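Trainee: Protein chains in written order, with numbering that gives the first Met the number 0: chain A, 0 to 272; chain B, 0 to 132.
None of these hints come from the bench; they were simulated from the model. Incorrect hints may appear among the rest.
[As the list claims (entries may be wrong)] 35 Å max Cα-Cα, derived DSBU-like pairs, lysine-lysine:
hint : chain 1 : residue 1 : chain 2 : residue 2
1    : B       : Lys102    : A       : Lys255
2    : A       : Lys197    : A       : Lys255
3    : A       : Lys255    : A       : Lys269
4    : A       : Lys228    : B       : Lys114
5    : A       : Lys168    : A       : Lys255
6    : A       : Lys255    : B       : Lys96
7    : A       : Lys269    : B       : Lys102
8    : A       : Lys168    : A       : Lys269
9    : B       : Lys33     : B       : Lys23
10   : B       : Lys96     : A       : Lys269
11   : B       : Lys114    : A       : Lys236
12   : A       : Lys168    : A       : Lys184
13   : A       : Lys255    : A       : Lys236
14   : B       : Lys96     : A       : Lys184
15   : B       : Lys102    : A       : Lys184
16   : A       : Lys149    : A       : Lys115
17   : B       : Lys114    : A       : Lys115
18   : A       : Lys186    : B       : Lys96
19   : A       : Lys115    : A       : Lys125
20   : B       : Lys102    : A       : Lys196
21   : A       : Lys168    : B       : Lys102
22   : A       : Lys236    : B       : Lys128
23   : B       : Lys128    : A       : Lys57
Fair warning: this is a prediction, and the values are worked out from it, not measured in the lab.
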Amino acid sequence: MKRFLPIFGFVVLFSIAILLNCYIATYAQEFDFNRAYDDYIYTYSQYRVAHSEYVSAKQAYLNYKTLTSKTEAQDKTLKMLEWRDEVIKTYLTALRLKLAETTGISNYEQNVLYLKLDSEVSWYIKHHDALSSAGSLEDLVDSAEEAQGKYQETEVLIYQALGTILSGKETTLRQHLNQQMESLKNKIAEIREKGDKKTTIAERWLLEAENRLTRSQEKQSAAQQILTKIKPYDSNKNQSYNQAQFALEESHQYLKEANLNLRELIREVKSAD
Amino acid sequence: MPTEKIADQTFEEIPVAEEPVEEKYFTFGKFKLKQKMVWSVGGELAGLLIVLLILASLLKKPSVSPKQTQLPTPTPTPFEEEITSPSIYATDSAILKIEADLKTIDQDLQSTDLKEVGLNPPVLDMEVKFEEE
Chain A
0 MKRFLPIFGF VVLFSIAILL NCYIATYAQE FDFNRAYDDY IYTYSQYRVA
50 HSEYVSAKQA YLNYKTLTSK TEAQDKTLKM LEWRDEVIKT YLTALRLKLA
100 ETTGISNYEQ NVLYLKLDSE VSWYIKHHDA LSSAGSLEDL VDSAEEAQGK
150 YQETEVLIYQ ALGTILSGKE TTLRQHLNQQ MESLKNKIAE IREKGDKKTT
200 IAERWLLEAE NRLTRSQEKQ SAAQQILTKI KPYDSNKNQS YNQAQFALEE
250 SHQYLKEANL NLRELIREVK SAD
Chain B
0 MPTEKIADQT FEEIPVAEEP VEEKYFTFGK FKLKQKMVWS VGGELAGLLI
50 VLLILASLLK KPSVSPKQTQ LPTPTPTPFE EEITSPSIYA TDSAILKIEA
100 DLKTIDQDLQ STDLKEVGLN PPVLDMEVKF EEE
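Taking the hints into account, I'd like the entire structure generated from these sequences.
Mentor: Spelled out as structure tokens, the structure:
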């Protein structure tokens with residue numbers, strides 16, 4: 000029996016190693032946008048709880064100005080600020096993973112945004128770690144102000160990343176439509192050469208559809224222009240983003256029209272003269 | 000009359016020679032393994048396998064609460080008039096393929112979410128002040 004002990008031990012260790020490896024691999028694979036988004040939602044709910052406690056503690060301190068209420072206010076402020084940094088960090092991570100999952104974004108654009116997002120996340124991690132070393136309520140207020148300034152820059156990046164995600168979707172759809180348009184062009188040219196069906200109407204409608212695609216591209220460029228113009232000190236960044244989003248919706252409408260034109264064109268080709 | 004002294008003996012304590020138990024072997028080609036040994040190692044391995052399976056099920060990630068599935072919004076299907084007099088291209092494979100692809104694109108166009116409301120930035124209280132307003 001003793002002779003089998005080393006073999007038995009090896010089998011046990013080997014099995015445990017395989018099991019752990021599988022578990023780690025599964026966990027790593029599953030960290031996608033959905034998981035990151037769940038993390039963000041959970042963190043955000045924790046932040047809201049911490050924030051309401053902070054508001055109460057702040058009010059108590061402002062009313063009584065006692066040392067006890069000040070200590071309580073300091074504790075609650077620290078907790079709230081820590082969760083706030085955590086919310087921004089998890090949100091930016093979710094945004095990064097959404098960017099990774101979205102097609103139609105150029106590699107260059109994607110990498111630039113990754114770098115910027117990673118840099119922001121690092122900043123908030125450092126800030127989060129430094130918060131606990133604040134010795135007084137005043138120190139915490141200073142630290143919070145620092146994050147407030149930083150968040151203005153972060154917001155610009157957030158809106159640009161969001162705009163890029165939406166633009167990516169539009170680009171993908173337009174690429175698909177362009178492919179179909181090219182196939183149709185070739186087919187119509189082939190029909191014209193054969194001369195067994197009139198192609199005048201089809202060619203005119205093809206131009207109409209092409210025109211719609213161009214308009215769609217123009218609207219998308221306009222949206223991107225709006226997004227690049229957002230500055231950290233702008234007080235209405237959200238408004239600018241909404242404008243860009245509206246332009247993208249217009250761009251989308253043109254894509255729908257182009258698709259409808261192409262479908263009508265197909266009908267025309269399938270019908271006898 | 001001389002009495003023969005009989006030595007005190009407890010016969011129960013005298014070891015009785017055991018009958019040799021015949022060992023059974025499994026033979027695998029040139030190898031000979033005791034049956035007893037094989038069964039005990041096999042049993043232990045089976046036990047280990049069960050423990051590992053239980054561990055694996057415990058280590059499994061807890062299932063995430065099911066997300067609310069978005070109900071598909073009904074979209075009006077465009078009225079497609081039947082082609083009464085088809086051309087020779089009505090059954091052309093290239094044309095039919097483009098038609099099918101355009102239908103798929105149409106579905107994508109209808110289902111694309113261009114708002115991504117869930118990704119709107121979080122509303123955060125960035126102003127931390129301890130002064131009377």
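Trainee: Looking back at the numbered hints, which does the structure fail to meet, lowest number first?
Mentor: none
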